[in-house]
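Numbering-wise, the numbering used here puts 180 at position 173 of the sequence shown, and it's gapless, one number per residue.
Hints listed in this document are in silico derivations from the structure and should not be mistaken for laboratory results. Warning: the hint list may mix true and false statements.
Unchecked claim - Simulated crosslink set (EDC-like; lysine to aspartate or glutamate; CA at most 20 Å straight-line):
hint: 1; residue 1: K142; residue 2: E195
hint: 2; residue 1: K142; residue 2: E172
hint: 3; residue 1: K212; residue 2: D243
hint: 4; residue 1: K34; residue 2: D104
hint: 5; residue 1: K34; residue 2: E121
hint: 6; residue 1: K34; residue 2: E100
hint: 7; residue 1: K212; residue 2: D224
hint: 8; residue 1: K212; residue 2: E183
hint: 9; residue 1: K142; residue 2: E118
hint: 10; residue 1: K142; residue 2: D104
hint: 11; residue 1: K34; residue 2: E46
hint: 12; residue 1: K142; residue 2: E204
hint: 13; residue 1: K212; residue 2: E192
hint: 14; residue 1: K142; residue 2: E23
hint: 15; residue 1: K212; residue 2: E172
hint: 16; residue 1: K34; residue 2: D24
hint: 17; residue 1: K34; residue 2: E172
hint: 18; residue 1: K34; residue 2: D44
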Amino acid sequence: MSTPIRASSILPGHREDVELHTADGLKLVGELARPLDREPVGTLVCLHPLPTHGGMMDSHVFRKAAWRLPALADLAVLRFNTRGTSSVRGTSEGAFDNAVGERFDVAAAIEYAEFAELPNIWLVGWSFGTDLALKYGCDPAVAGAILLSPPLRFSTPADLTQWAESGKPVTALVPEFDDYLRPEEARERFAAVPQAEVVGVPGAKHLWVGDAETVLDEIVRRVNPAVAVPLPTTWDGPVETGDVSAYADRTVASFADIPVPGPRPDQA
């Protein structure tokens with residue numbers, strides 16, 4: 008019997024708690040989700056939104072990616088809490104560092120994926136995580152980057168130039184009603200990266216509430232194009248149910264009404 012895939016659905020996969028160790032001596036908590044009975048075709052390293060505004064490894068798009076994509080798209084999903092960030096999984100050591108010390112967190116995640124011999128590594132950043140991807144993710148081990156709601160707040164022109172010169176694929180998924188950067192301006196800003204693809208998503212907002220499935224489809228379309236999208240909305244087989252109540256208040260936190268640290272985009 009087919010079971011509808013809901014926000015709380017956990018499809019079959021192999022999931023294990025992991026620890027990342029940074030070059031400056033911190034231990035970060037995370038989870039690696041892999042397909043249950045086969046090797047992954049690609050790997051998503053997830054960089055979450057601002058922890059000062061509720062962002063964490065369990066932010067809803069990343070949670071759904073980890074719960075669904077190993078089964079639906081043969082992808083491994085590595086998600087973790089950056090320094091000082093807490094979630095149900097635990098709290099990473101250190102303190103939020105305004106996209107400075109976080110460079111060690113990004114490096115530790117990429118190193119972990121390499122050490123685990125995970126294939127076809129893509130960075131998937133969301134909001135603050137997109138700035139981390141742009142600033143610190145253009146690594147020889149990384150195949151490309153997918154940016155969800157990029158504010159371009161901490162990123163500099165030099166960061167964009169680095170990606171431009173690398174030739175690595177960059178896709179920016181930009182909500183029509185984003186709080187920080189909307190599609191038209193995003194196309195202007197990302198013109199500095201000739202290979203960058205800016206995809207405007209009609210009706211969407213910064214937090215992707217109600218649009219997670221669209222995001223997952225676009226990720227899969229690029230990381231494992233052999234999988235047909237849109238992804239299935241039902242599952243024939245065992246399904247577990249996760250508790251999403253612990254995340255609800257942080258998922259709907261209002262980013263727009265709270266001052267965000269860091270330089271304004273026009274100062275980048």
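Verification of the hints:
Using a Cα cut-off of 20 Å, the hinted pair K142 and E195 holds, with the two alpha carbons roughly 19 Å apart. Between K142 and E172 the CA atoms are separated by roughly 14 Å; this keeps the pair inside 20 Å, and the hint holds. Among the hinted pairs, K212 with D243 is inconsistent with the structure: their alpha-carbon atoms are about 32 Å apart, more than 20 Å. For the suggested pair K34 and D104, the alpha carbons sit about 15 Å apart, so the restraint of at most 20 Å is met.
As the CA atoms of K34 and E121 are separated by approximately 18 Å, the hinted pair is consistent with the 20 Å bound. With a CA separation close to 6 Å, the supplied pair K34 and E100 stays within the 20 Å bound. Of the pairs offered as hints, the one joining K212 and D224 holds, with about 17 Å between alpha carbons and a cut-off of 20 Å not exceeded. With a C-alpha separation of about 7 Å, the suggested pairing of K212 with E183 holds against the 20 Å cut-off.
A hinted pair counts as satisfied when its Cα atoms are at most 20 Å apart, and K142 with E118 qualifies at roughly 16 Å. Distance check on the hinted pair: K142 and D104 sit about 14 Å apart at the alpha-carbon level, within 20 Å; holds. Straight-line distance between C-alpha atoms of K34 and E46 comes to about 27 Å, which puts the hinted pair past the 20 Å bound. The suggested pairing of K142 with E204 holds, with an alpha-carbon distance near 18 Å, which does not exceed 20 Å.
A C-alpha spacing of about 15 Å is found between K212 and E192, which places the hinted pair at or below 20 Å, so the restraint holds. With a C-alpha separation of about 28 Å, the suggested pairing of K142 with E23 is violated against the 20 Å cut-off. Using a Cα cut-off of 20 Å, the hinted pair K212 and E172 is violated, with the two alpha carbons roughly 31 Å apart. A threshold of 20 Å between alpha carbons decides the hint, and for K34 with D24 the separation of about 13 Å falls inside it, so the pair holds.
A threshold of 20 Å between alpha carbons decides the hint, and for K34 with E172 the separation of about 33 Å lies outside it, so the pair is violated. Straight-line distance between C-alpha atoms of K34 and D44 comes to about 30 Å, which puts the hinted pair past the 20 Å bound.
Hint violations for this structure: numbers 3, 11, 14, 15, 17 and 18, all remaining hints satisfied.
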